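Chains as they are written, first to last, in the working numbering: chain A, 1 to 248; chain B, 1 to 222; chain C, 1 to 667.
Keep in mind the hints are simulated off the structure, nothing from the lab. All values reported here derive from a predicted model rather than from experimental measurement. Beta carbons are placed, not taken as given, at the ideal position from N, Cα and C, and that holds for glycine. Some clues are possibly wrong.
[As the list claims (entries may be wrong)] Restraint-style ranges between C-beta atoms, simulated for each label pair: (1) C/E411 with A/P145: 33 to 43 Å; (2) B/S192 with A/V246: 42 to 52 Å; (3) A/T96 with C/E617: 50 to 60 Å; (4) B/S192 with C/R327: 49 to 59 Å; (5) A/P108 with C/E411: 34 to 44 Å; (6) C/K298 with B/Y189: 52 to 62 Å; (7) A/M19 with B/L111: 26 to 36 Å; (8) A/I245 with B/W125: 33 to 43 Å; (9) B/S100 with A/P108: 40 to 50 Å; (10) B/S100 with C/T358: 25 to 35 Å.
[As the list claims (entries may be wrong)] The calculated PhoX-like cross-link candidates involving lysine-lysine, where the alpha carbons are at most 20 Å apart (straight line), are: (11) A/K6 with A/K16; (12) C/K160 with A/K148; (13) A/K148 with C/K402.
[Claimed, not checked] Only part of the chain C face toward chain A is listed, based on derived beta-carbon distances under 8 Å: (14) S68; (15) Q166; (16) V273; (17) K375; (18) Y478; (19) P503; (20) E506; (21) A507; (22) Q578; (23) L661.
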Amino acid sequence: MNLVLKIWRQENAEAKGKMVEYPMSNVEGDMSFLEMLDVLNEDLINKGEEPVAFDHDCREGICGTCSLMINGEPHGPDRLITTCQLHMRKFSDGDTIVIEPFRATAFPIIKDLVVDRNALERIQQAGGFISVNTSGNTVDANAIPIAKDKADEAMDAATCIGCGACVAACKNASAMLFTSAKVSQFALLPQGRVEATDRVMNMVRQMDLEGFGNCTNTGACEVECPKGISLENIARMNREYMSAIVKG
Amino acid sequence: MGALIKSSILRKVVMALSGLFLVLFLALHVTINFTSVFSPDLFNELSHFMGYNPVVQFLMQPILILGVILHFVLGIVLEIQNSRARSVNYAQFKGGANASWVSRNMIISGLVVLAFLGLHFYDFWIHEITFKYVESNPEDPTRYYEETVQKFIPMWRTVIYVIAFFLLGMHLWHGFSSSLQSMGWNNKYTVSIKAFTKLYALIVPAGFIIIALYHHFNHLSQ
Amino acid sequence: MGSLESKIPSGPLAEKWTKHKNDIDLVNPANKRNIDVIVVGTGLAGGAAAATLAELGYNVKTFCYQDSPRRAHSIAAQGGINASKNYQGDGDSDYRLFYDTVKGGDYRSREANVYRLAEVSGNIIDQCVAQGVPFAREYGGLLDNRSFGGVLVSRTFYAKGQTGQQLLLGAYSAMNRQINRGKIKSYTRHEMLDLVLIDGKARGIIARDLVTGEIERHSGHAVVLATGGYGNVFFLSTNAMGSNVTAAWRAHRRGAYFANPCYTQIHPTCIPVSGDHQSKLTLMSESLRNDGRIWVPKRLEDAQAIREGKLKPTELTEDERDYYLERRYPAFGNLVPRDVASRAAKERCDAGFGVNKTGEAVYLDFAAAIQRYGKEKALTSGIKDPDKGTLTQLGEEVIEAKYGNLFQMYEKIVDENPYKTPMMIYPAVHYTMGGLWVDYNLQTTIKGCYCAGEANFSDHGANRLGASALMQGLADGYFVLPYTIGDYLSDDIRTGPISTDSPEFEATEKEVLERINKLMNTNGTHSVDYYHKKLGKIMWNKCGMSRNAEDLKSAIDEIAELRKDFWENVKIPGEEGQFNQELEKAGRVADFLELGELFAKDALQRNESCGGHFREEYQTPEGEALRDDENFKYAAAWEFKGAPSEAVMHKEELVFENIELKTRSYK
Chain A
1 MNLVLKIWRQ ENAEAKGKMV EYPMSNVEGD MSFLEMLDVL NEDLINKGEE PVAFDHDCRE
61 GICGTCSLMI NGEPHGPDRL ITTCQLHMRK FSDGDTIVIE PFRATAFPII KDLVVDRNAL
121 ERIQQAGGFI SVNTSGNTVD ANAIPIAKDK ADEAMDAATC IGCGACVAAC KNASAMLFTS
181 AKVSQFALLP QGRVEATDRV MNMVRQMDLE GFGNCTNTGA CEVECPKGIS LENIARMNRE
241 YMSAIVKG
Chain B
1 MGALIKSSIL RKVVMALSGL FLVLFLALHV TINFTSVFSP DLFNELSHFM GYNPVVQFLM
61 QPILILGVIL HFVLGIVLEI QNSRARSVNY AQFKGGANAS WVSRNMIISG LVVLAFLGLH
121 FYDFWIHEIT FKYVESNPED PTRYYEETVQ KFIPMWRTVI YVIAFFLLGM HLWHGFSSSL
181 QSMGWNNKYT VSIKAFTKLY ALIVPAGFII IALYHHFNHL SQ
Chain C
1 MGSLESKIPS GPLAEKWTKH KNDIDLVNPA NKRNIDVIVV GTGLAGGAAA ATLAELGYNV
61 KTFCYQDSPR RAHSIAAQGG INASKNYQGD GDSDYRLFYD TVKGGDYRSR EANVYRLAEV
121 SGNIIDQCVA QGVPFAREYG GLLDNRSFGG VLVSRTFYAK GQTGQQLLLG AYSAMNRQIN
181 RGKIKSYTRH EMLDLVLIDG KARGIIARDL VTGEIERHSG HAVVLATGGY GNVFFLSTNA
241 MGSNVTAAWR AHRRGAYFAN PCYTQIHPTC IPVSGDHQSK LTLMSESLRN DGRIWVPKRL
301 EDAQAIREGK LKPTELTEDE RDYYLERRYP AFGNLVPRDV ASRAAKERCD AGFGVNKTGE
361 AVYLDFAAAI QRYGKEKALT SGIKDPDKGT LTQLGEEVIE AKYGNLFQMY EKIVDENPYK
421 TPMMIYPAVH YTMGGLWVDY NLQTTIKGCY CAGEANFSDH GANRLGASAL MQGLADGYFV
481 LPYTIGDYLS DDIRTGPIST DSPEFEATEK EVLERINKLM NTNGTHSVDY YHKKLGKIMW
541 NKCGMSRNAE DLKSAIDEIA ELRKDFWENV KIPGEEGQFN QELEKAGRVA DFLELGELFA
601 KDALQRNESC GGHFREEYQT PEGEALRDDE NFKYAAAWEF KGAPSEAVMH KEELVFENIE
661 LKTRSYK
């Protein structure tokens, strides 16, 4: 199939960017979206132009490196997958595809489609952990039974890959879904309850410092999340936060 | 107040609490108003109670006004912060693919309702305050029905009211359930609770619209 | 420089590690504050090591090329992690895990290391649970286990199909705790480009800030490399696009011996290549082989008709299918170890029975399992005399509950419904058992340079068992390296901070800059990927699932030729002082082009077949691997001498005192 790509090109963080059009021919349905970009880049290099910079690594939907706003949706039109799992058969001959970076003030652009998501890192560093030493000298793994449904719920929250699609999809560029996934995972486990109060306060404080927007419960994040992280996590974080404030 | 400015979750909670308070108030308001459709006397009686009961007047009314102001001011602050959180906009943003129009445009429905409130205050509240406290008229427990009916005679006002209630409905459609989510109430009952909030968002504005239209056309037919 | 002293402690196998821990020198807490450790790579091994080292009190600097430690490719491991907890009461023990691992590795690993791995495996699970890793649980609230290929007990702990992700996030959270305390300084989007040696000791690295392109000097009292495997030398593999050998190879060039580079694991259940545009391969969990039956058509003409799209696999009757694994290995059937299953698939496809367009795919069929589960479900749900449609539906529900996410992944990529038509699979490069040679302390032949996880060669011999990579990464990182490194660092308590202004840093940085300049100024005609793909083709065709002397010799020549061409004709757009992904790739491919040659050279010297290394000249009449314990019971550790062709081999004889060497048989 033949396509027209409109891609955001920006030299570096300070430069002014613009959309540039690239016609593509002979795109196969079996190609993944990123493989299609590989082909474009190979062409550009052969023509002596600079290839389009984009983030990617595992190309199997788990590392969370790939991003891209494709036709106005993070990770493209398909649901529950990342950009690297999107295949060109989802598009039709003659389509124009608009490709932009994930946009948020907290995600400054590094180059072209590559953004800096360190803000998410700092949220995790502020409290996304359980304070135990890694000596291995802890209680036996089976010493504290955990109800299966709680463990499963914690697992569902823990599947977040930290790609930032929730922020990109949110009209407010809010990072609540991301933050709440980690808060939830630990809040649901007895090991994490011990410091639940400090954790939620510290992580939310950092989230706010990073300049993400406010959550207005539009639910866009949940729909676009490649791992289907539920809005229930945000509600749980709100509860955790309020109870932390009440407890002081 | 400092914490409120700094903490996004606290802002959400205050937004939700003030919103829920207004939701409650609307239920009371529509119930009282609806009596005007079938019983002018009952309407007069209830209105007089609300107008002269000191608890309502000097405790509930200021709280309500504060609630309204808080809700609006915070709503506008949130909107400004949210637009700052994405300083460069997308060339293409398909918001409709993952969220409803109403949920994304609370500021629009909110501002329309705010503008409407201006008219509404001018029509009823300023009039009441002037009547009671500026001109210090004597109590008249029978005046309310007639005053209300008079307001709905002009076509333009009725149309504005209907449009405003329609947008209020849209605001409630997202706002009511959203405030519950903000308060952290999302559990196995959410599906039924959400259905209730949607029903509420339909019935309450519909009630107001019916009242406005009823008085407008009832007058015409007389 | 360096010698092959394995430093295995004396004494009985089960007491070696305890004894060793008691014997080694420690650094007192106050002194640890004055010691800096550099950790390169932040996957399971690096992340865990960094967290523990920081917790012990050392100042740690971590480096990763990704934008976050959480993105390391450990995250992609699906199936699980082994531990000899014996929670299922099925007779598991440290010894049994040790035995299975050594046997699975075709008797080419070091006994003492493997036993230590088994010994600390249980601790890993305790540790991870304490960290909040949400392992799968039973209804009683206790941990669940599943079984994996090549073993007879149920010892694999898992978190859905994302065990690697959860364990990595556990290590990452432990790191975050230390970053928060200021004990770890995390450098993301930084790539190590060389190792700095001062007086023969590793004292720092030269790294490139991938965002600004700046070349930086970082010093430390010791350097830990935990940079993963080199499967991407094949271009197509299940590794992440960025996985590379550069850190290990740079250390190798500086004096670290590289051991057994030819040991590569080819995973049997991957999604086949669909075309020239293919950039990587996707693995489907080994667990699918529990229920799927692998087959190709019996008749060549049927295979051809299928390839041409004239015949559908579902139209073939049972008699017309060749369930070749069940035929060749009746005892283990579809659950033979990975190397055996992969070779068998290649054998059938080479014989012309492949079933996709390229002729490189076999079927993995769930039809029988669907019917079997359907019947079981009908019985338990009290449905009498169900028709075939009902049975199929019930069976599909059971299969979906077990493998739903994998089936969905397959459908997204291949665009075929695997419930209705058999999956197509083909082997793909997955893991490399070889790596930097390390002693019992995980120290390479360079003093102060340590190596952990997939990047070292130590524990899996010639073939790795499923669910053991996660175990090794975390064992090395959490429980082994942070203690053994203390023995070395105890001599450094008076050294004080290492200056980055020394002539050694100066010289190494200069070499790095020269290399980058050379790459940038070649101004050739071909992209980096062009060379990488060419290298991959040579590797896959001549050093892949089966090898022979003739092919290996020609591979050595072809790779050397290709490398020469690369340095003359590669084309890298952009500039070095900026974010430049082509330059990043170029540096990595340049190193793969050297490693590839050593790889072939290693495969050529090993005149036997063992584990993932199959030499066509050395097989039984039935086509099974033929090991030669008399002549090849050693680890081959290569010393760099200016070029891969000049590399000198040193042998570490493997001593088996606790296990009797046998022929692996899965018949």
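How the hints compare with the structure:
1. In this structure the supplied range 33 to 43 Å holds for C/E411 paired with A/P145, their Cβ-Cβ distance being about 37 Å.
2. For the pair B/S192 and A/V246, the supplied restraint of 42 to 52 Å is violated, since their beta-carbon distance comes to about 28 Å.
3. One distance hint, 50 to 60 Å for the beta-carbon pair A/T96 and C/E617, holds here, with the actual separation near 57 Å.
4. For B/S192 paired with C/R327, a C-beta distance near 57 Å keeps the hint of 49 to 59 Å intact.
5. Remark: the range hint 34 to 44 Å for A/P108 to C/E411 is upheld by a beta-carbon distance near 37 Å.
6. The hinted window of 52 to 62 Å between C/K298 and B/Y189 holds, with their beta carbons roughly 58 Å apart.
7. Taking 26 to 36 Å as the suggested C-beta distance range, the pair A/M19 and B/L111 conforms, at roughly 32 Å.
8. The beta-carbon spacing between A/I245 and B/W125, approximately 35 Å, falls within the hinted interval of 33 to 43 Å.
9. Separation of B/S100 from A/P108 is about 30 Å and departs from the stated range, judged on CB atoms against 40 to 50 Å.
10. Evaluation of the 25 to 35 Å hint for B/S100 and C/T358 yields a failure: the beta carbon distance comes to about 47 Å.
11. Of the supplied pair hints, the one linking A/K6 and A/K16 holds, its CA atoms being roughly 16 Å apart against a limit of 20 Å.
12. Between the alpha carbons of C/K160 and A/K148 the distance comes to roughly 13 Å, so the proposed pair stays at or under 20 Å and holds.
13. For the proposed pair A/K148 and C/K402, the alpha carbon gap of about 17 Å is at most 20 Å, so the pair holds.
14. For the restraint placing C/S68 at the interface with chain A, the shortest Cβ-Cβ distance is roughly 6 Å, inside the 8 Å limit, so the hint holds.
15. Here the hint on C/Q166 is kept, as its CB sits about 6 Å from the closest CB of chain A, short of 8 Å.
16. The beta carbon of C/V273 comes no nearer than 10 Å to any beta carbon in chain A, farther than 8 Å, and the hint placing it at the interface is violated.
17. For C/K375, the interface hint is violated, the least distance from its beta-carbon to any beta-carbon of chain A being 27 Å, above 8 Å.
18. Using the Cβ-Cβ criterion of 8 Å, the hint placing C/Y478 at the interface with chain A is satisfied: the shortest such distance is roughly 5 Å.
19. At a threshold of 8 Å, the smallest CB-CB gap from C/P503 to chain A is about 34 Å, leaving the interface hint violated.
20. Proximity of C/E506 to chain A is violated relative to the hint, the smallest CB-CB distance being about 29 Å (cut-off 8 Å).
21. Here the hint on C/A507 is broken, as its CB sits about 31 Å from the closest CB of chain A, past 8 Å.
22. Here the hint on C/Q578 is kept, as its CB sits about 7 Å from the closest CB of chain A, short of 8 Å.
23. Interface hint status for C/L661: violated, as the beta-carbon distance to the closest one in chain A is roughly 32 Å, over 8 Å.
The structure is inconsistent with the numbered hints 2, 9, 10, 16, 17, 19, 20, 21, 23, although it conforms to all the rest.
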